[in-house]
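Chains as they are written, first to last, in full-length UniProt numbering: chain A, 1 to 402; chain B, 1 to 402.
In case anyone wonders, no lab produced these hints; they're calculated from the structure.
A few of these clues could be false.
Intra- or inter-copy, both count: the list cannot distinguish identical chains.
To be verified - In silico SDA-like links for lysine to any residue, alpha-carbon gap of 20 Å or less: (1) LYS19 <-> LEU151; (2) LYS299 <-> ILE47; (3) LYS127 <-> ASP166; (4) LYS19 <-> THR50; (5) LYS261 <-> HIS301; (6) LYS128 <-> GLN200; (7) LYS207 <-> ASP166; (8) LYS128 <-> ASN199; (9) LYS299 <-> ASN185; (10) LYS34 <-> PRO280; (11) LYS275 <-> SER140; (12) LYS128 <-> ASP197; (13) LYS238 <-> LYS277.
In this text, all values refer to a predicted model and were calculated from it rather than measured experimentally.
2 protein chains.
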Amino acid sequence: APPRLEVRDCIIIQLEILKSFVMIYAIREVNQRKPRVLPNFTIGYDIYDTCGDVDIAIRAALQLLKNQSDPQSCLVPENNTSAFSEPQTKVVIGERYSEVSTAVARILALSSVAQISHASTSEVLSKKYKFPSFLRTVPSDAHQTEGIVELVKEFNWKTVAIVGSDDEYGKYGSDRLEDHFTNANVCIEFMTILPGDFNQNSSLLPKLVEKINDSSAEAIILFTKDTYVRIIMKEAIKAKLNRTWIASDSWSTSSKISSLKDFGSAGQVFGFIFKRKEVPGFKDYVTSVFNGTTNSFIKHHLTRYKPCLNQSEENEEKNCSRTNTQQCLHPSCLATHLDQDESYSIYLAVQVIVEGLRRLLKCSNQQCERGPRFTALELTSEQVPFINERPSFSQVVPGSKY
Amino acid sequence: APPRLEVRDCIIIQLEILKSFVMIYAIREVNQRKPRVLPNFTIGYDIYDTCGDVDIAIRAALQLLKNQSDPQSCLVPENNTSAFSEPQTKVVIGERYSEVSTAVARILALSSVAQISHASTSEVLSKKYKFPSFLRTVPSDAHQTEGIVELVKEFNWKTVAIVGSDDEYGKYGSDRLEDHFTNANVCIEFMTILPGDFNQNSSLLPKLVEKINDSSAEAIILFTKDTYVRIIMKEAIKAKLNRTWIASDSWSTSSKISSLKDFGSAGQVFGFIFKRKEVPGFKDYVTSVFNGTTNSFIKHHLTRYKPCLNQSEENEEKNCSRTNTQQCLHPSCLATHLDQDESYSIYLAVQVIVEGLRRLLKCSNQQCERGPRFTALELTSEQVPFINERPSFSQVVPGSKY
């Protein structure tokens, strides 16, 4: 099994779990909204933690495809090898990493179950002939890579270095950057593709840090997942590299990076994120669940990662700036970080599903004309206009952020 | 679903099915050999036709992973989401295409079932952290691409063109060729990556043929699957391109290509194949099954694709040269084509499995010390020395072959 990130930092876990809270909140809001959006229907959900691991994600996908209404039924029925039985799960939200999303997409396509990722941006996922039931609420990296090149040209930088990784996100992203920079006559001093088993003990790590240190590149672009960036940045901080970095969306606002101590000594960062909006009503919801909730999933996690309810104002201030990652955030601090993460993309995924269901089931606010019997393929085939719009272009976050 | 090749040509089907015959023959030979190789054990098998399609192959893999001894058991047991139940299938031979092998490898890895491909050469499959239970009896394209560059240098060609495809075989292969040629100061006049939905109606096809026609490249390298090459070559023959082509292993001896009429007007071909040996005793076996067999699989196919038993000597001669692909080959002709295909790699895969079993079960020629209860992981973990040897280098087939 591939190495997994050891994350014991409380703030990181708190912020990651908040993403699940967003989905729960969005579904709850749809189920409770007045006038009703889906009269007579209630949306349910299962949550699986894939740990960002392909194997675990495939298992989870297979589990979801099982016809859950009949626990004895087999995934591949004996007398019907040509198709899966119709799964109870009609749509899947996720995964985060493109590598995991592609593996899951292959499985879900077998049953035509729609998959909506809130964060997987790899260009490869745009290929409909390979991933016919995959959708997403974030733009393809085709746009982000263009943006990075525009940024470099804007600053009139002549040489850059690229660090990618050997997965769907880092490989397609850095290949595309290479094309763009070559066309723009920007010199690529070096391009390093991290192997899929890269970790803090890789012999490559000290070599890479040395290479960056020796390099005259005016900007170092790290186009890879946040777990890898965290490993590199820890060393960059130690070595006080003091360079200019360009962050792809995966780590520009990742709590795994922003929670690193003394980040400033690594240098300054220009990060790309997608246009984000506040999830309407979510801040109030987060604050309210800390004062008591009936949701068992949220209850469970609040018990394990207790927010710091009894701290003084001074401590709150301190924690909001995330200087101590071992200590959990105050609820009011948690909320201030929400705008920077993937919350809105997750919220949007739920809205897309609801709009698809409204169209398929022919719902007004009073009633739905169709009953609950429909196939996953019917839902996947529904055209929801706003998911087909050209995505809003990514924007630059000032380097002063960190 | 991706477009599928329409193959009605009898010779092609005959030769493709012969590959299954090789596996059946090899297993039968192991079960019957005296002195016994696996005393008290009989190897069984299931054969699935994946049609080279990822979806069908994933379904087949899932079917194989089911604990077949208990048809009511589910793939993912209710109370055990951390692992699949131990499958009855302990090892899988295949797939042919690298793209399909990677998809299947992801699934089989979940149960640690060893997979031995007889034909998938993509470099990506060498990554153990991604494909921990994948093995193969053919060398990685790391070697073949080096060989192609050596060939070009040998002829002192200064410009080449590369046609790859957007799958694990064609993408990694052409990327690697690009690196090698750049290092060798050979000019790449153009490189075209065919999309995954490439077919004879693609608008890209006439453009590509025109591009090749206009190009001054001294050799056109087609590093993609035989089904795509067949589409391109049909047009190249029509347009009488008369160029020098370099064939990767996928099509250098493929019956899908060699059965094309008037191949010569497309030009001359230099093809790469892997060192091949005759499968000991297989020719006699093929001839004998035409005189009556008890194997139901072989019987079924012999009924559907009747060999031409009553033709005159003259006709036999004609058919051996494959000029008429609608007419089936005479059994004696079939046998003459066997050395050129993947037979030996398939035979070798069976031998590797047998050697692994002998070691795991601690067998002498008289008895095996262990009983039949072992896990897929135990077999996968067995070190079979000859599969770890550096593969024999590919060799050049003279262009005069076609």
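Outcome of the hint check:
Taking CA atoms no more than 20 Å apart as the test, LYS19 paired with LEU151 passes in neither setting, with 30 Å inside one copy and 55 Å between copies. In this homomeric assembly, LYS299 and ILE47 come within 20 Å of each other (Cα to Cα) only inside a single copy, at 14 Å, whereas the closest approach across copies is 50 Å. Taking identical chains as interchangeable, the C-alpha atoms of LYS127 and ASP166 lie at most 20 Å apart whether they share a chain (19 Å) or sit on different chains (10 Å). In this assembly of identical chains, the alpha carbons of LYS19 and THR50 lie at most 20 Å apart only when taken from the same copy (14 Å versus 39 Å across copies).
With identical chains, the CA atoms of LYS261 and HIS301 are never at most 20 Å apart, being 26 Å at best within one copy and 68 Å at best between copies. Only between protomers do LYS128 and GLN200 lie at most 20 Å apart by alpha-carbon distance; the minimum there is 19 Å, versus 36 Å within a single protomer. For a Cα distance limit of 20 Å, the shortest separation of LYS207 from ASP166 inside one copy, 18 Å, qualifies, whereas the shortest one across copies, 32 Å, does not. Within a single copy, LYS128 and ASN199 get their C-alpha atoms only as close as 33 Å, which misses the 20 Å cut-off; across copies the closest is 15 Å, which meets it.
Taking the closest pair of Cα atoms, LYS299 and ASN185 never come within 20 Å of each other, the shortest separation being 55 Å inside a single copy and 64 Å across copies. Taking the closest pair of Cα atoms, LYS34 and PRO280 come within 20 Å of each other only inside a single copy of the chain (15 Å); across copies the shortest separation is 76 Å, beyond that limit. In this assembly of identical chains, LYS275 and SER140 lie within 20 Å of each other by CA distance solely inside one copy; the values are 13 Å within and 43 Å between copies. When the C-alpha separation of LYS128 and ASP197 is checked against a cutoff of 20 Å, the pair qualifies only between copies, where the shortest distance is 9 Å, while the shortest distance within a copy is 29 Å.
Within a single copy, LYS238 and LYS277 get their C-alpha atoms no closer than 35 Å, and across copies no closer than 57 Å, so neither meets the 20 Å cut-off.
Hints 1, 5, 9, 13 from the earlier list are contradicted by this structure; the remaining hints agree with it.
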